[in-house]
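Number of protein chains: 2
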Amino acid sequence: MKFIHVSIITIGDELLIGQVTDTNSAWMAQALNQAGIAVSRRVAVGDDRESILKAVDEEMAAADIVLVTGGLGPTADDITKPLLCEYFGGRLVLDEGVLTHVKYLFDNVYRRPMSARNETQALVPDTCTVLHNAEGTAPGMWFEKNGRILVSMPGVPFEMKALMRTTVIPRLRERYMLPAIAHRTLLTAGIGESDLADRIQLFETALPAHIKLAYLPHYGMVRLRLSASGFDEAALAAEMDQQFAALQQQVADVLVTTRDESMQEAVARLLLEQNASMGTAESCTGGYIAHLITSMPGSSRYYKGSVVSYANEVKTGLLQVSPETLRLYGAVSEETVRQMAQGVLDHLHTDYALATSGIMGPDGGTPEKPVGTVWIAAGSRAGISTIRLKLRFDRARNIELAAFNALNFLRKCISEQSFSPTANSRA
Amino acid sequence: MKFIHVSIITIGDELLIGQVTDTNSAWMAQALNQAGIAVSRRVAVGDDRESILKAVDEEMAAADIVLVTGGLGPTADDITKPLLCEYFGGRLVLDEGVLTHVKYLFDNVYRRPMSARNETQALVPDTCTVLHNAEGTAPGMWFEKNGRILVSMPGVPFEMKALMRTTVIPRLRERYMLPAIAHRTLLTAGIGESDLADRIQLFETALPAHIKLAYLPHYGMVRLRLSASGFDEAALAAEMDQQFAALQQQVADVLVTTRDESMQEAVARLLLEQNASMGTAESCTGGYIAHLITSMPGSSRYYKGSVVSYANEVKTGLLQVSPETLRLYGAVSEETVRQMAQGVLDHLHTDYALATSGIMGPDGGTPEKPVGTVWIAAGSRAGISTIRLKLRFDRARNIELAAFNALNFLRKCISEQSFSPTANSRA
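Residue numbers (this note's numbering), protein chains in the order written: chain A, 1 to 427; chain B, 1 to 427.
Don't take each hint at face value.
[What the hints assert, rightly or not] Which stretches of chain A does chain B cover? Using the computed rule of at least three CB atoms under 8 Å from a CB of chain B, they are:
| id | stretch |
| --- | --- |
| 1 | 293–307 |
| 2 | 310–318 |
| 3 | 371–382 |
| 4 | 407–421 |
Honestly, the hints are just simulated from the structure, not real lab data. None of these values were measured; they are calculated from a predicted model. Virtual Cβ for every residue (Gly too), placed ideally from N, Cα, C.
Work the whole structure out from these sequences, hints included.
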């Protein structure tokens with residue numbers, strides 16, 4: 001069994017000064033893994049001839065397949081195409097197919113005049129196979145040298161993704177006898193990474209050598225992933241299923257989901273199974289829970305909406321939180337968050353409600369309610385349950401953790417039907 | 001002037017199967033740049049002895065400073081520390097300072113018993129300088145070899161960030177005579193990358209060789225960045241200011257901001273200058289605009305909240321959109337989005353309102369209103385203006401583009417005070 005080494009090179013000064021986060025590499029790695037192609041290395045370099053050449057040279061020496069994104073736009077800081085032309089020999093020629101496509105895009109999609117600069121997108125090295133980029137003007141380019149493959153793609157995420165899906169991955173699968181790669185993933189909540197490791201130590205040491213276990217911290221939760229590859233796909237799947245079942249038993253009490261799904265997908269699945277609806281009232285999470293839910297296609301089937309009640313007058317006005325409650329207990333309190341959830345049930349007419357109120361920092365804390373204090377309420381017609389969090393991170397991370405903990409609390413309350421008919425407090 | 005080469009190595013299988021996006025590298029690059037240290041390369045490898053060794057070896061050969069994150073957690077898939085110990089010679093010894101700190105964290109912060117596994121966090125190579133990690137259990141480690149520096153840090157973002165800020169960057173600045181790095185950034189909207197390049201071609205070709213111009217596409221807008229480095233900080237700043245002023249003149253009509261700030265920060269600044277408030281009504285953006293705004297510390301000074309009106313009954317109930325309007329024109333229409341904005345002004349009692357309604361895909365489009373159709377309304381007591389977008393991307397990107405275009409529309413309406421007292425339509 002030959003192991004195929006894949007390197008990803010991303011090009012762009014913006015990656016090295018940090019103005020842009022490289023999401024392309026992560027997406028590519030995921031798509032390649034699902035297709036049975038493991039990535040060995042990722043390298044990012046600037047828009048600089050020498051750095052690009054060094055990276056191409058080194059990765060072509062170490063890997064069987066080198067995937068390159070970026071450096072192909074129509075502006076002057078792009079130098080990748082001439083460099084690849086030189087590296088693989090040959091010269092730049094006009095590709096009529098690409099030119100026709102670029103003209104089509106300007107005439108029919110962008111609906112603006114095409115400049116001379118855009119015409120240069122149709123110049124390609126005569127040593128490459130041109131890959132059609134349906135979504136944009138810069139074509140993909142497939143080079144081969146000494147039995148190794150380099151594919152150059154634009155850095156615009158949706159253009160790269162379409163090229164990978166429709167052309168690059170199918171061509172790579174055709175070319176190599178690829179081993180199947182199997183992953184099994186589960187998500188836990190409410191237990192730390194090292195406690196989890198202690199608990200499953202015997203399971204982990206008993207794993208056969210070709211199955212790897214990884215701990216992936218994930219918004220205050222821990223994802224556990226089993227990975228293995230092999231040519232007998234059925235045998236591999238059976239073995240993985242068996243190990244995965246054993247792992248599930250060990251973590252049953254802290255298990256969120258055994259699917260490779262997000263927390264919000266797990267909640268959505270529960271709601272769809274019950275044909276139930278939900279709504280949210282968000283103070284400290286400021287719409288982030290709504291965003292997580294509405295980012296999923298089809299969320300309108302179970303999600304009615306949110307009142308982001310940042311100001312107290314929105315809490316009293318739209319959610320009917322009593323001004324007396326706000327005065328007596330404050331906005332960040334069990335009493336307020338309980339009334340916010342009730343307001344969702346009453347005014348958004350949903351089966352379930354989720355509400356958050358807290359202090360995310362950096363300012364706004366007091367000795368009694370320090371930064372990181374969050375109250376969460378999950379409600380149904382049967383009652384409202386609450387929980388308090390004490391977070392200790394920066395604002396961005398506190399918002400994320402509050403949102404994911406809130407969704408997990410609602411998920412547990414729904415699946416256990418543990419909505420409390422009377423006031424309670426679990427801190 | 002010696003140019004210092006910095007490489008960043010991130011370690012973790014999760015980076016190569018794409019379950020995690022590498023945000024650490026981007027943050028580190030940004031922090032280093034601000035400190036006058038340019039990053040030359042970034043490499044990501046898996047939790048695999050050979051790959052880590054190869055990366056450390058190669059980057060130590062090519063760079064003056066190698067910054068490593070990840071691979072230091074308390075679980076069994078971590079192999080980086082023993083490897084570094086071997087690479088730099090020496091043996092693992094117990095560091096009493098680290099042990100005391102780990103014990104402190106378990107006793108006072110995590111408030112749970114410390115396992116034997118966590119004690120191994122206090123084992124460090126006797127060839128390194130231990131860097132105090134105030135935020136977590138895995139210490140930073142500073143190695144030197146042949147005049148080159150390698151710093152190993154945990155992969156947990158907030159631990160790494162604190163270590164970089166408080167210890168690593170100050171130590172690096174002390175060690176090297178660092179050149180100043182100057183950036184000037186502006187954000188444009190409403191003009192494509194290649195049109196922009198055509199427009200500023202003369203400016204670009206006339207730039208001195210040591211000043212670089214980069215085009216950074218950014219949610220359908222384009223950021224332009226001038227960069228240069230030099231030891232005479234005052235002269236560099238004066239030269240950059242002059243070039244930046246010239247660049248601003250060329251793009252005055254499409255300029256969003258000349259600060260290195262986000263769209264939401266530009267809107268926030270306008271509101272604070274006027275001591276004005278705003279609120280949102282979000283259908284298709286589903287809370288994302290609220291999230292963008294509330295992610296900023298202090299946003300409660302100008303932001304009152306949002307009604308995420310995903311279901312029509314929330315539009316009619318909380319925002320008082322007329323059922324007749326919904327029936328006649330549909331939820332995605334100029335009439336509806338106008339009433340949503342009016343609902344915000346009336347019921348959230350804000351000075352300004354922003355409303356969105358659209359079809360984000362992949363489903364829900366019709367021949368008259370295809371996927372990507374978005375109506376946006378910006379309102380004040382003076383009137384309500386609307387705009388229609390036709391987006392053509394996937395759901396996630398459509399939501400982002402709709403949100404940023406909506407914020408830009410509100411920004412323009414506020415700064416030009418161009419709220420229309422009568423119905424209008426700019427498509």
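Quick rundown of the hints versus the structure:
{"no.": "1", "hint": "293–307", "result": "holds (count 12)"}
{"no.": "2", "hint": "310–318", "result": "holds (count 6)"}
{"no.": "3", "hint": "371–382", "result": "violated (count 0)"}
{"no.": "4", "hint": "407–421", "result": "violated (count 0)"}
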